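For the sequence shown, the numbering used here assigns the number 969 to the initial residue and increments by one for each residue that follows.
There's no promise every hint is true.
[Claimed, not checked] The calculated lysine to aspartate or glutamate pairs, modelled on DMTMM-like cross-linking and capped at a C-alpha distance of 20 angstroms, are:
#, residue 1, residue 2
1, K1117, D1086
2, K1124, D1137
3, K1105, E1068
4, K1142, D1032
5, K1105, D1137
[Claimed, not checked] Distance windows between CB atoms, simulated:
#, residue 1, residue 2, range
6, K1056, E1154, 36 to 44 angstroms
7, T1057, E1154, 39 to 47 angstroms
8, Q1187, L1075, 16 to 24 angstroms
9, E1154, G1051, 31 to 39 angstroms
10, G1051, K1158, 29 to 37 angstroms
11, G1023, G1123, 34 to 42 angstroms
12, R1082, P1033, 27 to 35 angstroms
13, G1088, T1152, 32 to 40 angstroms
14, R1186, S1112, 23 to 31 angstroms
15, G1088, K1158, 38 to 46 angstroms
Please keep in mind that the hints were generated in silico from the structure rather than gathered at the bench. Owing to the predicted nature of the structure, the values given are computational and were not obtained by experimental measurement. All C-beta atoms, glycine included, are put in the ideal place defined by N, C-alpha and C.
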Amino acid sequence: MPSLLPNTSARSAGLLAALVLVFASALPASALPGGGRTPRAIVEADSDLPPPISGVDVQEHLGDPLPLETRFLDSSGEEVRLGTLLSKTRPTLLTLVYYECPMLCSLVLNEQVRVMRDLGLELGRDYEALTVSIDPKDTPGQSSERRRKYLQSMGKPETAPWHFLTGTDENIRKLADAVGFQYTYEPSTKQYAHPAVVTVLTPEGSISRYLYGTSFDRQNAKLALLEAAGGRVGTSVDRIVMSCFKYDTATRRYGFYIFGFIRLGSLAVFGALATMLIYFWRRELKKGATT
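I would like the entire structure built from these sequences, with the hints used as guidance.
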């Protein structure tokens, strides 16, 4: 009997170590040493982004509301209040661009169209889109041209809820400041230097997430829309999948969330046990009825 104690102690120690390892792997990134944050220099290096331009950045204002009272001109030239363009029931993809941009704005909008095609969500049913020019010299006529072009590329009718707006410098700045979209005008080139980002808005008009760059992942875009909508859009499967992913502020992407997966597994086990118990209970009732 005494000879078994060392083996028992070793097994206990091994089990304890395994439990500690599993618990550590289950912790969210923010609970790990260093807060799960990747140094900004490493994130920028991995993203293949060019060196930042002075005055061009995105200061995230997550949870902040948009200035819904600001007024713009829509693609027909009619003045509209920003708040009236939000559906109140669906999230919105917001892009700030300008129509004479030589390259970057087209890259962002073309990527947005590509992702919107592959989302598995329907424009107008599950979400809406809003594009606002940061150049006060842009016109409703240009809005109408761009709107028609992008809707046609998606195979959508002109009644689809993707709004293209122009406005005064004052109202544009109010919106950009609320979103944290920092841009600057370069007199030498007569162009705007600006970040490449799509902002995801809640149905009520608050900032939910940012999608960065000229190439963003379809899954990240879909999860951001589902999260912004509070689970009110998408299929039941989409909402289940969403529980297994969590937004990582360091990488600015959604990653696998072990606690969500564990909860999902627990529900599956509970459902299986409940089904089995109901089956045996009904079988016993049938037996009692025949005796």
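Which numbered hints does this structure break? Going through the list in order, the structure violates hint 2 alone and respects the others.
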